[in-house]
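Q: Next come the chains, spelled out residue by residue.
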Amino acid sequence: DIQMTQSPSSLSASVGDRVTITCRASQDIRNDVGWYQQKPGKAPERLIYVVSSLQSGVPSRFSGSGSGTEFTLTISSLQPEDLATYYCLQHNSYPRTFGQGTKVEIK
Amino acid sequence: QVQLQQWGAGLLKPLETLSLTCAVHGASLSGYQWTWIRQPPGKRLEWIGEISHIGSINYNPSLKSRVTISLDTSRYHLSLKLRSVTAADTAVYYCARFSLSVGFSWFHPWGQGTLVTVSS
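These protein sequence lines are chains A and B, in that order.
Counted the way my numbering counts, the first sequence spans residues 1 to 107.
Counted the way my numbering counts, the second sequence spans residues 1 to 120.
Note that these hints are calculated values from the structure, not bench results.
Hints are supplied without guarantee of correctness; some may be wrong.
What the hints assert, rightly or not - Here are the in silico distance ranges between beta carbons for each label pair:
1) A:S12 x B:S119: 32 to 38 Å
2) B:T68 x A:P80: 30 to 36 Å
3) B:D72 x A:V58: 31 to 37 Å
4) B:G8 x A:D28: 43 to 49 Å
5) A:R18 x B:P14: 46 to 52 Å
6) A:S67 x B:P14: 42 to 48 Å
7) B:T73 x A:G57: 27 to 33 Å
8) A:S65 x B:S120: 44 to 50 Å
As the structure is a computational prediction, the values presented were derived from the model and not from experiment.
Note that beta-carbon positions come from the ideal geometry of N, C-alpha and C, so glycine has one too.
So here's chain A without its partners, still in its complex pose (with noise of 0.2 Å):
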């Protein structure tokens, strides 16, 4: 299986900082990452696909970067409302992979 990584596990920042949270695969899965946000209590939502592209809706301070094994997920201005967990996503191969998560909290 591909292992995906991600650091931190948690994070507190306040609001308009610039939060940056990093996955990295265990091998090489070329730019089949996604990253998904989970609100408390609630499922999953898709915010970016490919590495770097912004499912439709996703406000423009979300962004992705990163290829091969490294992978980036930067808020640039954190919001109220960016209170959640994120999850980076394989797909390159079965099985589909999760990151373990990292908690955003706001200070």
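For chain A, the structure is supplied; the task is to place chain B on it using the hints.
A: Chain B in isolation, oriented as in the chain A frame:
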């Protein structure tokens, strides 16, 4: 608008069989992978397996010996059965549609989730 509505028993005893159903509303079944994903309390999401409308199936090897995923194309129902459950199978279970093509891929939409607790 595509919607997934899921249901099933929420409390099981060890060694019983988990059985969940997910109804697909407002979408064709073809061209997608219909998927089950679970999330144990406080843990990461775990992909269980998927099925296409022509019956092509992929399972997570960690669960393959106990799991059956099926798709009733006449009723638009996706089903999950997990045999011989233990406390380790306690989780919120989600159904989801996976779309994969050149230039895009995503799980969307998701069902509302079903909490399944295994306890004696």
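Q: Could you run down the list of hints and mark each one as holding or not?
A: Hint check:
Checked against the given bound of 32 to 38 Å, the beta carbons of A:S12 and B:S119, roughly 34 Å apart, stay inside it. Here the CB-CB span from B:T68 to A:P80 is close to 43 Å, at odds with the stated 30 to 36 Å. Look at B:D72 against A:V58: about 33 Å separates their beta carbons, and that is inside 31 to 37 Å. Evaluation of the 43 to 49 Å hint for B:G8 and A:D28 yields a failure: the beta carbon distance comes to about 38 Å.
Taking 46 to 52 Å as the suggested C-beta distance range, the pair A:R18 and B:P14 conforms, at roughly 47 Å. Between A:S67 and B:P14 the beta carbon distance is about 45 Å. The supplied range of 42 to 48 Å therefore holds. Between B:T73 and A:G57 the Cβ separation comes to about 31 Å, which falls inside the hinted range of 27 to 33 Å. A hinted range of 44 to 50 Å for the beta carbons of A:S65 and B:S120 is consistent with their spacing of about 48 Å.
Violated hints, listed in ascending order, are 2, 4; each of the other numbered hints is respected by the structure.
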